[in-house]
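If you follow the hints, you should be able to join the two separate chains into one complex; please do so.
From first to last, the protein sequence lines stand for chains A and B. Residue 1 is where the first sequence starts when you use full-length UniProt numbering, and the numbers rise one by one after that. Residue 1 is where the second sequence starts when you use full-length UniProt numbering, and the numbers rise one by one after that.
Since the hints were derived computationally from the structure, they do not count as laboratory data. Incorrect hints may appear among the rest.
To be verified - Ranges between beta-carbon positions, derived for each pair:
| no. | chain 1 | residue 1 | chain 2 | residue 2 | range |
| --- | --- | --- | --- | --- | --- |
| 1 | A | 145 | B | 322 | 28 to 38 angstroms |
| 2 | A | 206 | B | 325 | 49 to 59 angstroms |
| 3 | B | 322 | A | 297 | 31 to 41 angstroms |
| 4 | A | 304 | B | 374 | 24 to 34 angstroms |
| 5 | A | 304 | B | 381 | 30 to 40 angstroms |
| 6 | A | 165 | B | 306 | 52 to 62 angstroms |
The C-beta atom is built at its ideal place from N, Cα and C for all residues, glycine as well.
One-letter residues, chain by chain:
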Amino acid sequence: MAAQRSDGERLAKALGWFSIGLGVAQLAAPRRMNRLIGVDPDGKSTATMRAIGVREIAAGVGLLSQPRPTQWAWGRVAGDAMDLVLVGDALNSDDNDRPRAATTLALLFGITALDVYCAQRLTNTRRAPMTTAVDAERQEGIRVRKSVTVNRPADEVYAFWRNLENLPRFMKNLESVQVTGGGRSHWRAKAPAGTSVEWDAEITDDRPNALIAWRSVEGAEVPNAGVVRFLQAPGGRGTEIHVDLRYDPPAGKLGALVAKLFGDEPGQQVDGDLRRFKQVLEVGEVLYSDASIASGLRPAHPPEGQAPQLYDREEAILAERSADTAATTSNRDRASSTPPGEPRPSSAMPRL
Amino acid sequence: MRANCWMGTQRVEVRDVPDPQILNERDCIVKITSTAICGSDLHLYNGFMPTMEKGDILGHEFMGEVVECGRAVKNLKVGDRVVVPFTISCGVCNACRAEAFSCCENSNPIPQVSEAVVGHPLCGFFGYSRLTGGFAGGQAEYARVPYADVGPLKIENGFTDEQVLFLSDILPTGYMAAEMCDIQPGDFVAVWGAGPVGLFAMASAKLLGAERVVAIDRFDYRLQRAVARAGATDVINYEQLDGTTVVDALKELTGGRGPDKCIDAVGMEAHAPGLAYAYDRTKQALKLEIDRPIAVREAIMACRSGGTVSIIGVYGGMVDKFPLGSLMNRAITIKTGQTHVPRYMKPLLGRIERGEIDPTMVISHILPLADAPKGYDMFVNKMDGCEKVVLKA
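Bound conformation, chain B alone (with noise of 0.2 angstroms):
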């Protein structure tokens, strides 16, 4: 089969690979209609996730034909149409009880990896380096599903691809960074990155009560989105503040309190001007921390005391420079996660279904998963009002 494959930094390629087979006998084989580049892809793609190897396969937004089935999974038959979650869970271990199912305990095979670089074994996820278990991802014709008796969704009804493909990831993750935020009414949202995950995120605080919605990026043609398409209520564009920091650009919209709840939609690879982003980006560069984490630094400098921050933008290990001591002593609550997806697909569709939010808003490319390469590189250099690439095997 065909699949993108990560060659290195900024390379990959669609190659020629063997078909996936099934392995485990909770398995399934899914011949994928259609798959997306993720903004986490990125942190692959530039090369600041630890443990890829050369030839792994990409993806873990993908929906597809079920054309396969291990002999334990009764739930779904060949021909089912389904959305796989990018989470893989056994559903059976006590995290997967509790629905906390990206803190699966039994879905990554080579825990001891990401064990040694964050303290216990991370989730397994589709084709997202060794740390979360070595899985080939779905930016391909076709992948092995494990545990498809407890994560993927079908789908009965008449939706389009491009309606249901991201409850398997950025939908989900949106909404639960915003259901984080345990938004009351009248509360003043901040999020960060008006990319796909963010625009998810202000739509979703919208969904659950906030009064107001900020978005903060630096490209106005997704600023212009979250407003248009998004719900948002104000923008900041960080790259055209006069003088001003986006803290004090919060306080302003804010009479000075700073919003009641802030988002981090942004993660590793986050830019501010001036001397912050040279000071983390030398340090990344040095590997003396694996992430950038000026969003989050802001986040919780503006967060109004008493607050919270939801992180949902993804980070890999070490940071400098954390402001411990404003959150400490301004009563912030953190709140963060990887999605426990399968918690959300289905009353996610249900909403979709009633047309209280569509999926289809962020997209702004459909191409052949032939042309992979040319979406990353529009994605990473936000050419052509990029803001989702949708693949079509």
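So here's chain A without its partners, still in its complex pose (with noise of 0.2 angstroms):
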């Protein structure tokens, strides 16, 4: 992974030893230092010149220890802008050698440039088209694997997955899944604030009952890629779907954006989006409780008002379902499978 290192990258891991540096002699001189850079080393200037020593160590430290530390450059232009206020303050000041603060003034312009270009950098270069996750072991961004057992066929989970228009009855986030043709499909995800992203992907392999590979085509805000395995689980157990996802974070409004996309820790949202579709699989619809039924915290009892009807996105599933299996009963073990809604047969009660 850090065979190939970007001109951010390398840039930031400079920037790291530079803020340690100044961070060490801020903190062991901070009166010099002040002399230094033109500012009166009397009053509170000292306790002020060891806490920016202080964050110049934490910055450099977050510099050097981060692969990529994108976060940590952004948050070294914030010191920037704080220090150009403070600097630009003191030359209001007769207690301080004017012609020196200007001089640092500069100086301080330049190493700001120098950390908004790192930090652009090490922003934009994530931004490259992705591969499937199969071939992407060596690429950047964040990866995600989770997987479930469903308790159904493998050929009906597949066809279920194929079809990825269905994707949003179960991937909470997703708003709608359009397949435009030839392998391609447009995605549209909802965000913070009545927002929403989209993407075009296209499909790039395809073994029924066993594989579906896809990435984001270039140019999207969010390159992705991912792949789905289908797998016979042990013992007619039903059908273990194993799902390899990559994506890149983009930094700033959007990061925070896409974090909400994907669930606070990464993965979490898949795991989610797993449990639901084992459950529209198996079940037929997606379970709600008083507390889940809402996001965030909620007393766990019946909600205000007339309740949503959480269950009509699922109908078209039921339908298609009973339409499939009168279709498909032949080749299907019907016999081990109660279909929601029948009773358990008595015979399974067991006899005390």
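What follows is the structure, given as structure tokens:
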């Protein structure tokens, strides 16, 4: 992974060492540093210089310890802004050495420019088009691997997933997937504040009842790629679904949006989506509790007003499933499966 | 409607809350006629179970009349009288197919909470924190029952509520505790805790062929009930042991062998005289351990080599000083689990009908729902000979 460092990464490391050097000097000799930059070394300025030294060391450690320290680089830019204000303010006081302070301010502008360049490079180099997750071992970004076992045969599970327009039925933040032809599809996901994020994706590999791989096409706001594998679970326990996906979270506002999209912890959202997928296929609908009906903490008592008809969007699945079941009953082991809604056979009761 | 809500540690209030509605198509709404306070509700009451929120409706033992059915519920109709299991089970996942209903893979809509605490999601339960799905409970006038086509048992004969209400939890729980012991002729069974579940475990052990059953508790009124109503042959009041331990007292009763089968019907808030209690109570208060595993420690140490320890008391998390060496070196089998209630309801209804077991034996108080706070207070403080409180909605 570290074989090839980008410009941004190399610059980040250099800035990291610079931060630590500067921070140590500020901590060890705050008065001398104040004199050097043209600030009166008496009064509160010593404590301020020491505090800035601590900040510099923290930024340096952050820049050096992270493989891709984008946030730390933007953190340095924020620090620069603070320093510019402090030194600019120092220019107004007769107690200070104005020519020296002016030189310091000019130097600070130079460093700020360098920090902004570094942070932008780190942010932008993440936007490279992605290959599928299978051969993306060396790629940057966040990788999520999750799996679930669904008590349904592989052909049914594969068919449900392969109809990409089904995905919003269990992927909580996905609004729609439109198949546009030629293996391509248009995805739209919910984002905070009523906005949405959209991208186009293409299927890169498709092996019936075994595997589906996809990637976003070039120009996607959130480049992503993934593969879902369908394996027969041992002992007739249904089908294992293994999802392996990668996405590149951009920084800034869009980054926060993407974090929301995929859950606070990478993979948490995927985990929830897979559990809903299992429920839709096994039970026919997603179960709600009083606490889960809305996001955020609410007491476990019935909702106020008319509850939303939560199951409406699963209705189509049920209809589809019964039609599907009727058509393919012959090649399925129906004996071991009691469809929801039917009472369990009484012979299943143990005799005590 | 009126419902008994958790409002903080040792605080419950009967409040006005919205009526439940059908949220999923396999739901039904039950108008509750009788409900009860469970010993495990006291863990919530005392604030030891994490992830409760102020306003949560408590209660997981209830029965009543079906007043509304979701469109996928075909086996019940409006007007049916049902007992509702505390476990919520989908009926179609691999666990439910194997009748391990309390291991249902689909009934917890917020699985990440329990997954973080215990490694895997827990089954959905009524009124029992977010660990078990965040469902409103049944100490209320009405309740929404998900997967109503799987769990609820229709009551068609002329049983009273008091006769069948406990099929929702404590009767199957006590029975499963005894069943897990795989009782053989001549077996000596020790039961920690002479609360309602303990009494049902004792009665079930006798039904399943135990020769002697010893009840272990610290309240004489409960030990007397164990003998008079649940068939206990011996009792140990651990607060009145003169300089000896429960383990030694059990060895004395069994000619040094130890009980063949041990049942922990106590769980996370166990008591003991002396230092062990002070140690665990302190760690629990500091949140360094969730549970006080005093009863299960004693059960393992006392059990004969090659015997079985059946844990039905509720635990929530990590414990300290667990006698793993005793367990391993002496070939002790541990069996445990939340009760797979729907597996036991019908057969136990048959036993009630044949007069083999009388569930009303555990009831000490019948109160209106409005008096739920008083019921909790009496139960937690063991006032007025409190054993089991039934609430009438």
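For each hint, the structure was consulted:
| no. | hint | verdict |
| --- | --- | --- |
| 1 | A:145 / B:322: 28 to 38 angstroms | 33 angstroms, holds |
| 2 | A:206 / B:325: 49 to 59 angstroms | 55 angstroms, holds |
| 3 | B:322 / A:297: 31 to 41 angstroms | 33 angstroms, holds |
| 4 | A:304 / B:374: 24 to 34 angstroms | 29 angstroms, holds |
| 5 | A:304 / B:381: 30 to 40 angstroms | 35 angstroms, holds |
| 6 | A:165 / B:306: 52 to 62 angstroms | 59 angstroms, holds |
Consistency note: the structure conflicts with none of the earlier hints.
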